[in-house]
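Given only the sequences and the hints, what does the whole structure look like? Please build it.
Protein chains: 2
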Amino acid sequence: MKELKGACIIGQSGGPTSVINASAYGVIDTALKSPCITQVLGAEHGIKGVLNDRLFDMGLEDPEELRLLKYTPSSALGSCRYKIADPEKDDTDYRRILEVFKKHNVRYFFYNGGNDSMDTCNKINTYMQSVGYECRVMGVPKTIDNDLFGTDHCPGYASAAKYIATSMMEVYHDAHVYDTGMIVVMEIMGRHAGWLAASAALASEYGAGPDLIYLPETDFSMPKFIEDVKRVYAEKGSCIIAVSEGIHYEDGGFVSEAKVAANDGFGHAQLGGLAAILAQVLKEETGAKVRGIELNLLQRCGAHLASETDIEESFMAGKAAVENAVNGINGRMIGFERGVRDGRYACKTKLIPLMEVANVEKKIPREWINAEGNGVNHQFIEYALPLIQGEPDLPKVDSLPRFAKLKKILAK
Amino acid sequence: MKELKGACIIGQSGGPTSVINASAYGVIDTALKSPCITQVLGAEHGIKGVLNDRLFDMGLEDPEELRLLKYTPSSALGSCRYKIADPEKDDTDYRRILEVFKKHNVRYFFYNGGNDSMDTCNKINTYMQSVGYECRVMGVPKTIDNDLFGTDHCPGYASAAKYIATSMMEVYHDAHVYDTGMIVVMEIMGRHAGWLAASAALASEYGAGPDLIYLPETDFSMPKFIEDVKRVYAEKGSCIIAVSEGIHYEDGGFVSEAKVAANDGFGHAQLGGLAAILAQVLKEETGAKVRGIELNLLQRCGAHLASETDIEESFMAGKAAVENAVNGINGRMIGFERGVRDGRYACKTKLIPLMEVANVEKKIPREWINAEGNGVNHQFIEYALPLIQGEPDLPKVDSLPRFAKLKKILAK
Chain A
1 MKELKGACII
11 GQSGGPTSVI
21 NASAYGVIDT
31 ALKSPCITQV
41 LGAEHGIKGV
51 LNDRLFDMGL
61 EDPEELRLLK
71 YTPSSALGSC
81 RYKIADPEKD
91 DTDYRRILEV
101 FKKHNVRYFF
111 YNGGNDSMDT
121 CNKINTYMQS
131 VGYECRVMGV
141 PKTIDNDLFG
151 TDHCPGYASA
161 AKYIATSMME
171 VYHDAHVYDT
181 GMIVVMEIMG
191 RHAGWLAASA
201 ALASEYGAGP
211 DLIYLPETDF
221 SMPKFIEDVK
231 RVYAEKGSCI
241 IAVSEGIHYE
251 DGGFVSEAKV
261 AANDGFGHAQ
271 LGGLAAILAQ
281 VLKEETGAKV
291 RGIELNLLQR
301 CGAHLASETD
311 IEESFMAGKA
321 AVENAVNGIN
331 GRMIGFERGV
341 RDGRYACKTK
351 LIPLMEVANV
361 EKKIPREWIN
371 AEGNGVNHQF
381 IEYALPLIQG
391 EPDLPKVDSL
401 PRFAKLKKIL
411 AK
Chain B
1 MKELKGACII
11 GQSGGPTSVI
21 NASAYGVIDT
31 ALKSPCITQV
41 LGAEHGIKGV
51 LNDRLFDMGL
61 EDPEELRLLK
71 YTPSSALGSC
81 RYKIADPEKD
91 DTDYRRILEV
101 FKKHNVRYFF
111 YNGGNDSMDT
121 CNKINTYMQS
131 VGYECRVMGV
141 PKTIDNDLFG
151 TDHCPGYASA
161 AKYIATSMME
171 VYHDAHVYDT
181 GMIVVMEIMG
191 RHAGWLAASA
201 ALASEYGAGP
211 DLIYLPETDF
221 SMPKFIEDVK
231 RVYAEKGSCI
241 IAVSEGIHYE
251 DGGFVSEAKV
261 AANDGFGHAQ
271 LGGLAAILAQ
281 VLKEETGAKV
291 RGIELNLLQR
301 CGAHLASETD
311 IEESFMAGKA
321 AVENAVNGIN
331 GRMIGFERGV
341 RDGRYACKTK
351 LIPLMEVANV
361 EKKIPREWIN
371 AEGNGVNHQF
381 IEYALPLIQG
391 EPDLPKVDSL
401 PRFAKLKKIL
411 AK
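Just so you know, the sequences run in chain order A and B. The numbers in the UniProt record's numbering rise by one with no breaks, and the one at position 101 of the first sequence is 101. The numbers in the UniProt record's numbering rise by one with no breaks, and the one at position 114 of the second sequence is 114.
Treat the hints loosely; a few may be bogus.
Repeated chains share a single entry, so a pair holds when one copy, or any two copies, can fit it.
To be verified - With a Cα cut of at most 20 Å, we get these calculated SDA-like pairs of lysine to any residue:
#: 1; residue 1: K289; residue 2: R191
#: 2; residue 1: K408; residue 2: G237
#: 3; residue 1: K396; residue 2: E308
#: 4; residue 1: K48; residue 2: T180
#: 5; residue 1: K283; residue 2: G273
#: 6; residue 1: K236; residue 2: L351
#: 7; residue 1: K348; residue 2: Y383
#: 8; residue 1: K405; residue 2: E99
#: 9; residue 1: K2; residue 2: G207
#: 10; residue 1: K83; residue 2: R54
#: 11; residue 1: K405; residue 2: T286
In short, the hints are calculated from the structure, not lab data.
Now the structure itself:
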């Protein structure tokens, strides 16, 4: 392997998570210590920061503030949802990226994101190879959606799952306080994969979980849904429901977008999300007290409930990306392989070709979902429970979180 | 003081909080140890449990499970929103209560709730005195709304405030991740008093708080609101807003209920709450990306973010109720008096006549709110910050909360 000396760029992309900064810290900390890497640059707002030559010199940051990134939610460098063009159709962006890479002698590019970001990574890698510019491009996975291909799970998922399961347990207790009955619909993120909504089932292990769970992996039927809820409510006097925002009818139409029915007086545009729609339907159908709760952004930035396992694995993914790149690896995303050590869950990194990851979505196996499509079984619990383990020692000031404060000094 | 021997009843009423069970545990634990109290009964669903003679023998519970009540959100005995009649108009309920009291030789009645519950307490006390049945009736305060009269603050408020401030800090970070601008409207509980929404300002002390806060203590003006948001958004490219659910126009009409304007295409019934309404208005007015977030039940049951100060004070309130009652005190609610010990915040209990507390609401002093009515000043911060201090050592199993499980065995 030829030693490659030069600067590196770390960029963050897509929706933030509670632990994406732990991965960034894994990259930054490892890169700062690497003799091959001459400068560690943080791109402002992902690939946009490269295009705009807005690159922060991470070596000028206070090491203690960098360490706090492990416990700081959201993307500290700023994120973007910039879709890079196909290089055959329009190579403007690529020529600009090459120009900036050359200016700063960038020889390592680490991109921290989900499916789309891996696609960006892959395209940049292909372009750099096609023009003969030596640069090692590595993907560092991130997504609360847990839908990246080829990895056992994704950094960010477990902390969101822990937030969801804990909140579900608390809401369960709250919703059972009166003897007058209550139906709760909890809307959980996940447009195409139900990993997040399914994590509400972890609460069931401790007697405070949802009665019903609906996921995008199966088709949603409103009459069946109403029937399910009525049955549970008649039996228990309450019904707690977890739904993925991405549940859809057989024809693919999202329930959140559809007008529910022509004849229910509900044909107008609505403001609330899916939870509000379903709550309205259930109110009309049951006459019960119904609450729609949308976990919204809270589930993806709830760092105070982060899984220590997730934080450490996210850091490990960033670290592995740098170590592998320095050792000559290129065009790979870091993935996780689940194993067993001393009879307990263990996790190690593996390498997945970017080409295989880009734009593919991994869903919950159908056999982990019950036949009726309104719950998950023990295979899911066994999969998810080890991931949420461990409480980080969260830095606090005045009992509120002490998040990292970066100086963000532009590189010369 | 004459020694009074007999059973006691503890009941919980109104909306639950993260720490109402800590107060119940304060009552139960102290009562179980008191030689004057012959039996400790927990009323199922508050006063309804008395009326239905559904009383649990708390002495039969596992002491360790009772201890877990300190960390268990919601009302473990069950709550109610039962409005007891005026005894002069209809004394049916009171005669039934007397009957049940006599059956179990109940000589102490502890009621754990907010304004309405203190009214119930007061009426029962007056009735028992009028019929010459010796029984000591004590109110144990509880409300996230922090609006009880005569006490510096209320058990339950601080934990909700800490949940709100922490969530605000996390959402602030999430909302600043893109360079494309973002407006967030966070809807916080509080129908008539703004203590909860104001607590979002605690996040501002750490650089991650709301730009604007709207409270029910001042009249809301939609044009002024739009102007405020547009100004902040133009200046910063983002705007984070905290609103009380109870904000209202000058004529008293709730913003959450009103049709916003006749000519904005927005005159239809809406499903989401206030956050959805305001988000829609701001979308139309600014064209920006706007997110409405409703903290919903999460803020009142988020025991994983409880304030240790709040837990201990809630326990103390329950304990003081029993100790005072056993010492001959009657017809009082336990209140808190703020003081200073060794230069730091300290809190001790005091006694407030139930008659003075019932049905009165305490609001934020106008001088703690800025002149424009869109923020709070440092007097509020100095008031609220000491209350949220301290992290409880939360019992967990598999990294999820381990809440109390009561056997709830009916008393013979």
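Each hint, compared with the structure:
{"no.": "1", "hint": "K289 - R191", "in the structure": "between (28 Å within a copy, 19 Å between copies)"}
{"no.": "2", "hint": "K408 - G237", "in the structure": "between (55 Å within a copy, 18 Å between copies)"}
{"no.": "3", "hint": "K396 - E308", "in the structure": "both (16 Å within a copy, 14 Å between copies)"}
{"no.": "4", "hint": "K48 - T180", "in the structure": "between (54 Å within a copy, 12 Å between copies)"}
{"no.": "5", "hint": "K283 - G273", "in the structure": "both (16 Å within a copy, 15 Å between copies)"}
{"no.": "6", "hint": "K236 - L351", "in the structure": "neither (48 Å within a copy, 41 Å between copies)"}
{"no.": "7", "hint": "K348 - Y383", "in the structure": "within (16 Å within a copy, 49 Å between copies)"}
{"no.": "8", "hint": "K405 - E99", "in the structure": "neither (30 Å within a copy, 64 Å between copies)"}
{"no.": "9", "hint": "K2 - G207", "in the structure": "neither (57 Å within a copy, 46 Å between copies)"}
{"no.": "10", "hint": "K83 - R54", "in the structure": "within (18 Å within a copy, 63 Å between copies)"}
{"no.": "11", "hint": "K405 - T286", "in the structure": "neither (50 Å within a copy, 30 Å between copies)"}
The structure shown violates the earlier hints numbered 6, 8, 9 and 11.
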